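First to last, the sequence lines map onto chains P and V. So the first sequence is numbered by the numbering used here: it starts at 1 and just counts up by one. So the second sequence is numbered by the numbering used here: it starts at 450 and just counts up by one.
Some clues are possibly wrong.
Part of the chain P face toward chain V, derived, beta carbon under 10 Å [said to hold, decoys possible]:
| no. | residue |
| --- | --- |
| 1 | 80 |
| 2 | 100 |
| 3 | 250 |
| 4 | 260 |
| 5 | 261 |
| 6 | 359 |
| 7 | 409 |
| 8 | 435 |
Just the calculated beta-carbon pair ranges, DEER-fashion [unchecked claim]:
| no. | chain 1 | residue 1 | chain 2 | residue 2 | range |
| --- | --- | --- | --- | --- | --- |
| 9 | V | 725 | P | 174 | 39 to 47 Å |
| 10 | P | 77 | V | 494 | 42 to 50 Å |
| 11 | V | 525 | P | 77 | 25 to 33 Å |
| 12 | V | 598 | P | 301 | 41 to 49 Å |
| 13 | P | 190 | V | 591 | 35 to 43 Å |
| 14 | P | 188 | V | 725 | 44 to 52 Å |
| 15 | V | 495 | P | 264 | 45 to 53 Å |
Derived coverage of chain P by chain V (criterion: at least 3 residues anywhere in the stretch with Cβ under 8 Å from a Cβ of chain V; other residues may be distant) [what the hints assert, rightly or not]:
| no. | stretch |
| --- | --- |
| 16 | 55-69 |
| 17 | 396-406 |
| 18 | 418-431 |
Quick caveat, the hints were computed from the structure, so don't treat them as lab data. If you're wondering where the values come from, they're calculated on a predicted model, not measured in any experiment. Think of the CB as a built atom: it goes at the ideal place given N, C-alpha and C, for glycine as much as any other residue.
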Amino acid sequence: MKNRMRALALGLIGATSVAIPAFAVDLNVTCRCVIGGVNSGTAQWIQESVIPAFEAAHPDVKVTLNQFGGEDAQLTQQLALDFSTGAGPDVSAFDGFLIPSFVEGGLLKSLDEVAGPEVNDWSGWAALSEGSRSLMEYQGKFYGIPLGTDVRMIHTRKDILAEAGIDADNWQPKSWEEVLDAARAIKKIKPDSFPIQLNAGVAMGEATTMQGYWLALLGTGEKVTDDNGKFVVSSQGILDTLNLYKTIYVDEALGDQRAQLLADGRNRSFANFRDGVTALLFEGDYFYRSVTPEGSEFAVPNRDEVMGWVKVPAQEPGKGIRGQDFVTISGGTGFVINPATDAPKEAWAFLSFMNEPEMQNAFQAIQPRITARKDIEIPNSPFLTATSQALLPLTTARPNNPNYNAVSSEIQRMTEAVVSGELSPEEAMAQYKAAVTALVGAENTVSLL
Amino acid sequence: MTTEPVPSPPKKVRNFALLSNRAGAAFLTPAGLLVSVFVIVPFFWVIFVSFTNRTLLGRTALNPEFVGLANYFSLFDPATFFQRGQFGFSLILTTQFVLASALLGQALLGLLLAWLIQTVPPWVKRITETFVIAAWILPEVVIGFAWFAFLDRDQGTLNMLLEGFGLPPGDFLLQQPFWVIVVFNTWRGAAFSMMLFNSAFSSIPPSYFQAADVAGASSWQKFRDIGLPLIRGHIVTDLILITMWTFNTFTPFLLTNGGPSYRTELVSIYNYRVAFQDFQFGKGAAVGVIMMLINLAFALVYLSIGRKKKVR
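Only chain P is shown next, with the shape it has when bound in the complex (with noise of 0.2 Å):
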């Protein structure tokens, strides 16, 4: 008996030791990417590039991706509730508009407070361009490397603009209603089509303030802040993109009020573009780089003939924001380091080496973008070389404000309401003003009416 029970502990110990391998340090790196699924690129360029090459280069190192599926406002409240109990992912994707809200939660903390001051030596930083570099910065700190930037524009079904009698190739709107007349002529000729799409709701997150809300306000000479940095709760610019919105979506059925209402809208709004539904839609050079290409999920059949793109409009020639004619607006996405990780060294060492010029040259291999770094040549793609050659001269960035993704959120709601036709735009200005004011304090609103 006594035997067995020995026989049986040697073999259970032996059983562990076989089980469990030696890696002194485990990673996890989170991101919203999905083999096959939800920015595949990034999955497929992590898990195929990066993590094999790292873990040659350290042995004693076994990294993990989580490939987390959900929506992106999903993975932020599952950041902010893990790091806020030092839990969580070591290395996560994150966007860059979020940090200065994490950093004033507590729930970040810069690079070098984190893995040591040889941060500061990493050779990358002067390889970043300075405007990618701010991205993920704070009051002079780094809570990241940012990836890239992108900018944003109205995306054509040219197919269909050409079979309302448009020409596809030289058409470029000057004013929204002329937008709005390209949306007309072609309800006219496929009256079950929704020819527009201007993100509006609430289940479609952030992705409804960057390419719904901001592009049609900066449209109208405004931003969401002041220059004083006072979040702006009353005006004519925010009533006049509303009723933009009720155009659209409530008077004359130019979009498909639906896919703004329903928790998956936003791929409803990504299928319709597919299926020849819509025609004009509003999205970031993403869409282009990871929501259409070929194999994926949405891709456009023979996309390089009958995907195009334009500029997105001023409401009129010269209202833009700055006096602009066109408008748009950049964010930006990278990866930062969970405060609370058990391996700060070997996260930045991860953080760090995917950003170094090898892995990121890996990455335009499978997904050509914009990015951060100058040293990385600029992708051989039309578009992008286009897109951005046009638009980041006129581009303008979210404000660097603690506040602004709740303040984002309440935007989100006053959308919904006026697409829903719930509220008059008046009515839906009126709750957001008192939403936001109930946030930030009536010290830091103005009201321009």
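Knowing the structure of chain P, use the given hints to seat chain V on it.
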């Protein structure tokens, strides 16, 4: 949440102790510690947080300020109280939801089912019970997805059935979200009422019904004059329990996310949104405290009825 009736203390205290007082206390300590760490401390912590403007993100995360009753005043601000997406709106919505889905839906359907299966052949009874109870015990996420698929406008089973019968399809989740969650909760919870009433009916001596049969009573007369009066106490218990459960239920979130435009934002979902989507812990805690008070009121009614029964 209190759902178990607490037995009232016996009139004369007699010491049946198997252990000395000290040993008893020693055995109680671990459980007492667990309860205080996981129930009592969070309870008072939530009350404390509800008096601050604590958030998860932004400046007030690290340096929350004491704001007194400001969170409560903002919840009950008459200017916004009834607006959609505000506390008052979801409180009224929850009341309607409880009335329609628990008191009318679950209790009536459960009573009807329980009465009907008294007289059917045993195998029909068993099959009915199996299906009703299956709806009750299946995991919430599973039935959430199942109902979502069932009600989808374009590929949903319900619309396929409707079209098969030549009826127009509907966009239920967007057009009738409130009635969707009412029907859903009725379907989901009728099992409890059915089981409770079923055992209540079984406790009535069969001779009562046999005597009524001899006198030529109809089924409705037996139900009204024998069944109902004898299970009155069970009905009250059932109504209070399902009211409390329905008041706190969160499952409709899986169907509608509380939307569109807050049209199905019950108090529990409102609380979740404020605390864990908008990350306003202070305000969320205030909502939680109010919900606790409402639950406490229900629990007190429930307990006092239980006590009255014993006295009789």
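Checked hints:
no.	hint	in the structure
1	80	5 Å, holds
2	100	8 Å, holds
3	250	13 Å, violated
4	260	9 Å, holds
5	261	4 Å, holds
6	359	31 Å, violated
7	409	6 Å, holds
8	435	9 Å, holds
9	V:725 <-> P:174: 39 to 47 Å	45 Å, holds
10	P:77 <-> V:494: 42 to 50 Å	21 Å, violated
11	V:525 <-> P:77: 25 to 33 Å	27 Å, holds
12	V:598 <-> P:301: 41 to 49 Å	28 Å, violated
13	P:190 <-> V:591: 35 to 43 Å	40 Å, holds
14	P:188 <-> V:725: 44 to 52 Å	46 Å, holds
15	V:495 <-> P:264: 45 to 53 Å	34 Å, violated
16	55-69	violated (count 0)
17	396-406	holds (count 4)
18	418-431	holds (count 3)
In summary, the structure is inconsistent with hints 3, 6, 10, 12, 15 and 16 from the numbered list given earlier, while agreeing with the others.
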